[in-house]
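Q: With chain B fixed as given, assemble chains U and F onto it according to the hints.
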Amino acid sequence: MIKLRLPGWARLPRQPMLRHLLFGALGALFFYLLSNSLSSFNNFQLGEVAVYAIAIAGLSVLTGVNGQISLGQGAFLAVGAYTIGELEVHQSINLVFQLLIAVAVSAAVGFIIAVPATRLRGPYLAGMTLLLALALPFLSDKYSSFFGGDQGLITLPPDAPGSIDPQKWLTWIQLLCALIVLVLLGNLLSSRFGRSFRAVRDNEVAASLAGVHVARTKVIAFVISAACAGLSGALLVLSTGVVNTGEFPLSLSIYILAGMVLGGAGTLTGAWWGAILVVYLPNQWSQSLANAFHANHLVGANLAVIVFGAVLIIVMLLAPAGVQGGLRWLGHRLVTVSTVTKLGSNISVALQDQPASKQDRGGPDSETAATSVD
Amino acid sequence: MRLFWNITLGGVAEGMIFASVALGLVLIFRATNVINFAQGAMAMLTTFIAFSVFGKGVGYWPAFVVALACGLFLGGLVQLVLIRPVQNKPPLNAVIVTFGLLILLEGLAGAVWGNSNRGFPAAFSQSGLVIGHTAIAFSHFDIFIVVAVLVLVVLVAALFRFTTLGLRMRAAAFAPEAARLLGVKVSWLLTLGWSFAAVAGALAGLLVAPTSVFSPTFMDLILVYAFTAAVIGGLDSPVGAVIGGLVTGLALAYVGGYLGGALEPIGALVMLIVVLMIRPEGLFARPTARRV
Amino acid sequence: MLEVSELSVSFGAVSALKGVSLQARTGSITAVLGANGAGKTTLLRAISGLVKAHAGSVRYDKHELVGMSVERIVRAGVSHVPEGGSVIAEMTVAENLQLGAVWRYGRRERQRRIGEIYEIFPALATRAKQHASTLSGGERQMLAIGRALVSRPSLLLLDEPSLGLAPLVTAGLMAVLADLSKGGEITTVLVEQNARSALSIASWAVVLNLGTVVVSDSADAVAGDADLRHHFLGF
Numbered sequence: 001m002i003k004l005r006l007p008g009w010a011r012l013p014r015q016p017m018l019r020h021l022l023f024g025a026l027g028a029l030f031f032y033l034l035s036n037s038l039s040s041f042n043n044f045q046l047g048e049v050a051v052y053a054i055a056i057a058g059l060s061v062l063t064g065v066n067g068q069i070s071l072g073q074g075a076f077l078a079v080g081a082y083t084i085g086e087l088e089v090h091q092s093i094n095l096v097f098q099l100l101i102a103v104a105v106s107a108a109v110g111f112i113i114a115v116p117a118t119r120l121r122g123p124y125l126a127g128m129t130l131l132l133a134l135a136l137p138f139l140s141d142k143y144s145s146f147f148g149g150d151q152g153l154i155t156l157p158p159d160a161p162g163s164i165d166p167q168k169w170l171t172w173i174q175l176l177c178a179l180i181v182l183v184l185l186g187n188l189l190s191s192r193f194g195r196s197f198r199a200v201r202d203n204e205v206a207a208s209l210a211g212v213h214v215a216r217t218k219v220i221a222f223v224i225s226a227a228c229a230g231l232s233g234a235l236l237v238l239s240t241g242v243v244n245t246g247e248f249p250l251s252l253s254i255y256i257l258a259g260m261v262l263g264g265a266g267t268l269t270g271a272w273w274g275a276i277l278v279v280y281l282p283n284q285w286s287q288s289l290a291n292a293f294h295a296n297h298l299v300g301a302n303l304a305v306i307v308f309g310a311v312l313i314i315v316m317l318l319a320p321a322g323v324q325g326g327l328r329w330l331g332h333r334l335v336t337v338s339t340v341t342k343l344g345s346n347i348s349v350a351l352q353d354q355p356a357s358k359q360d361r362g363g364p365d366s367e368t369a370a371t372s373v374d
Numbered sequence: 001m002r003l004f005w006n007i008t009l010g011g012v013a014e015g016m017i018f019a020s021v022a023l024g025l026v027l028i029f030r031a032t033n034v035i036n037f038a039q040g041a042m043a044m045l046t047t048f049i050a051f052s053v054f055g056k057g058v059g060y061w062p063a064f065v066v067a068l069a070c071g072l073f074l075g076g077l078v079q080l081v082l083i084r085p086v087q088n089k090p091p092l093n094a095v096i097v098t099f100g101l102l103i104l105l106e107g108l109a110g111a112v113w114g115n116s117n118r119g120f121p122a123a124f125s126q127s128g129l130v131i132g133h134t135a136i137a138f139s140h141f142d143i144f145i146v147v148a149v150l151v152l153v154v155l156v157a158a159l160f161r162f163t164t165l166g167l168r169m170r171a172a173a174f175a176p177e178a179a180r181l182l183g184v185k186v187s188w189l190l191t192l193g194w195s196f197a198a199v200a201g202a203l204a205g206l207l208v209a210p211t212s213v214f215s216p217t218f219m220d221l222i223l224v225y226a227f228t229a230a231v232i233g234g235l236d237s238p239v240g241a242v243i244g245g246l247v248t249g250l251a252l253a254y255v256g257g258y259l260g261g262a263l264e265p266i267g268a269l270v271m272l273i274v275v276l277m278i279r280p281e282g283l284f285a286r287p288t289a290r291r292v
Numbered sequence: 001m002l003e004v005s006e007l008s009v010s011f012g013a014v015s016a017l018k019g020v021s022l023q024a025r026t027g028s029i030t031a032v033l034g035a036n037g038a039g040k041t042t043l044l045r046a047i048s049g050l051v052k053a054h055a056g057s058v059r060y061d062k063h064e065l066v067g068m069s070v071e072r073i074v075r076a077g078v079s080h081v082p083e084g085g086s087v088i089a090e091m092t093v094a095e096n097l098q099l100g101a102v103w104r105y106g107r108r109e110r111q112r113r114i115g116e117i118y119e120i121f122p123a124l125a126t127r128a129k130q131h132a133s134t135l136s137g138g139e140r141q142m143l144a145i146g147r148a149l150v151s152r153p154s155l156l157l158l159d160e161p162s163l164g165l166a167p168l169v170t171a172g173l174m175a176v177l178a179d180l181s182k183g184g185e186i187t188t189v190l191v192e193q194n195a196r197s198a199l200s201i202a203s204w205a206v207v208l209n210l211g212t213v214v215v216s217d218s219a220d221a222v223a224g225d226a227d228l229r230h231h232f233l234g235f
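Residue numbers (our numbering), protein chains in the order written: chain B, 1 to 374; chain U, 1 to 292; chain F, 1 to 235.
Hints listed in this document are in silico derivations from the structure and should not be mistaken for laboratory results.
Given the structure is predicted, the values throughout are model-derived calculations rather than measurements.
One or more hints might be untrue.
Claimed, not checked - Quick list of simulated restraints, FRET-style, between CB atoms:
1. U:V213 <-> B:L38: 37 to 47 Å
2. B:L34 <-> U:V213: 38 to 48 Å
3. F:E6 <-> U:I278: 57 to 67 Å
To be verified - Under 10 Å between C-beta atoms, here's a sample of chain F residues computed to sit facing chain U:
4. A101
5. W103
6. R147
7. A148
Even glycine gets a Cβ: it sits at the ideal position worked out from N, Cα and C.
Chain B on its own, in the form it takes in the complex (with noise of 0.2 Å):
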């Protein structure tokens, strides 16, 4: 077990669990009620949304909590995805234990890209990810017959229980790991552990000399995303039916990266934003949006990229304050919204404590005052 030295005050409180708890059930009860009103093709995409919500939510700790960076989400998807299918080719085990080990295989691939990627400051894990997100789909070329090559791999939808839509209960399947994934992660972040990352992300020093160990840190938050990610790519071939390369390219990485961006660095609600951004945008929006252009059909392919690309830029040029800053700006609305109202569907309040550091570029004002220091 990892022993993080923190003061009496640091441990997990009591409330903000309940309060994750009380969100999660009333996003089941929403997400029951939303399913068994929509058609079995809309149930697929709610599922699916869901599944980007988790991806999302993983880089969103790793990257607004924590403060590193991951450009090859998609690899760990794919890591996630071929378990499973490995699984199901090979024997057949329950759902539950198949998921468990996709996300431990995850986390395992995790763990050996953060070791070394996070032992200097600087844009390591950045390049690593970007690597093994490009590399990964050569491995399965290599070695075809075991990853079953173009083709990939067969997986099967779980079998519904009674007379339930198949479809749909694969769909409530996604939304529960999604809820209780999110409920994790908000829990976590309300932890010693949570404070831990927000400490590493503010300063690194600082963080070291109140007892922090940096690089442990800097692990586990790449560990946990990478877990996410896995659980994600398994579920969301449970949807496709289909294991192969050709679900996993650059753009996959790219579409959770500026979901993420957009849907809020730090904030696991901005995860279901930026996943309805994922689902919609590249299959249906950009081809509605060529289509008003009477734009051609290479426009129309590559619209979501473009979008997305710009998305990315805009967003981080028009946010002043930088990821961290809107992350905090974004945690503050929350909080003050969810404790006048009491009300709120926010799945989780990722941010309602205060940072460990308040010096270190806070607001606009000290951003300023840090740009003219210098």
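A: Frame of chain B, contents of chains U and F only:
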């Protein structure tokens, strides 16, 4: 044995290409602490522009010059419009901006030129040279690759060593505030640094395109290989970038030649992991600059 | 003549300078004294444009420096040697000196000026080809001041040149500064915590405390005021 030498020669040519992209990455990283993940995509764009110019029938060399000129312009433009606003922000912002630019440019190129694979002309013959009576896996074009990158490296070295522009650029990179107090116009030199780096990238694009499939994503792998090379070289040493490029090119050539080409990207990943575990500061980093 | 009037600088909610006014006569040395956090460094950084003043003015030689960029202020003849000298350790001594003159002189004139600096600081001449990282603390400070002088500035802003130097080295440095000022061409503003040695060469002294001017008087008067010495100058 012949296989070994052929692989080695191929590795040298590949390595020179990695070196030129890595050099661009390092020039930018050293000055602004940003890894330009769009370095490859910018090179892709300038190469596609050259492709269009070439298609107008103006011949290879004018298209070549146009690509380099576009690199000069594009690099400066990107720095001014996209990088300068995030320069004093958390470093993640710049990473996300350059990554966003990478896919934006690939999407735009796909929209204009299509996503299918094409062929790109080479300046010289690409069939192997014949020495005595044996053909070797090294062509006139490979010689051109090696010479072109060597010329680039010599020009960059001469710029830094013998010119006051290079002196000012080094000062702007090492100690921006001290440089400003000595009248050095730091912000404009950073823009110029991006321009020069993009020219190095544009050259790499022109050298890679004939030897691989030519599509909007053709520089993706080159970029991550160059990143590997730059990390091996220590990320802020231009000499290290060149040597790191050669090391990476050779290592990947052996992996590809003996174990199969599909393992090259995994080989690069393994190299990165090994280097970061054994010697995280790289082989040629400035000792003072990297402490955190 | 440097004329600072009602200069105010703040970082976020913290005001570092609150309406500071002072004058430095042409060709003289003005010492700016005070405890840590008094605003001495901020004053120099505001004059040279490194930090933005939000009120007040800095007039120098017909220029209004507030609002001008650092690079243009340098071209108006202002040379600022920041605390610690900030010599560029990755470059040789000669390259550091070159850098100081690049904006102003061509190759030949630059070499001539660097030769003159070597006459002022002979220790630097023997180490011209060495990396600045190999220099001692005193040599680094000489290099920083020499580098600031290469471009023949008319206003020299020095931030704690004696910091971390042995007393003997400090005395040597102060003697050089006094010499430089004798020609009457260089106006010097000398920020020091080491008040005793600064007052020994200055003609005028300004004492700052918490961002405001406490006293502005002749150096002799300040040095002779026991109360002032006791409360603000620590000797």
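Q: Is the gap between the beta carbons of U:V213 and B:L38 within 37 to 47 Å?
A: holds, 42 Å
Q: Looking only at beta-carbon atoms, does the pair B:L34, U:V213 fall within the given range of 38 to 48 Å?
A: holds, 45 Å
Q: Taking 57 to 67 Å as the hint, is the beta-carbon distance of F:E6 and U:I278 inside that range?
A: With a Cβ separation near 59 Å, F:E6 and U:I278 satisfy 57 to 67 Å, so the hint holds.
Q: Is the shortest C-beta separation between F:W103 and chain U less than 10 Å?
A: holds, 4 Å
Q: Checking hints one by one. Is F:R147 an interface residue toward chain U, by the C-beta closer than 10 Å rule?
A: holds, 7 Å
Q: Taking the least C-beta to C-beta distance, is F:A101 closer than 10 Å to chain U?
A: F:A101 check passes; min Cβ-Cβ to chain U is 9 Å, inside 10 Å.
Q: Does the closest beta carbon of chain U sit nearer than 10 Å to the beta carbon of F:A148?
A: holds, 8 Å
Hint violations for this structure: none, all hints satisfied.
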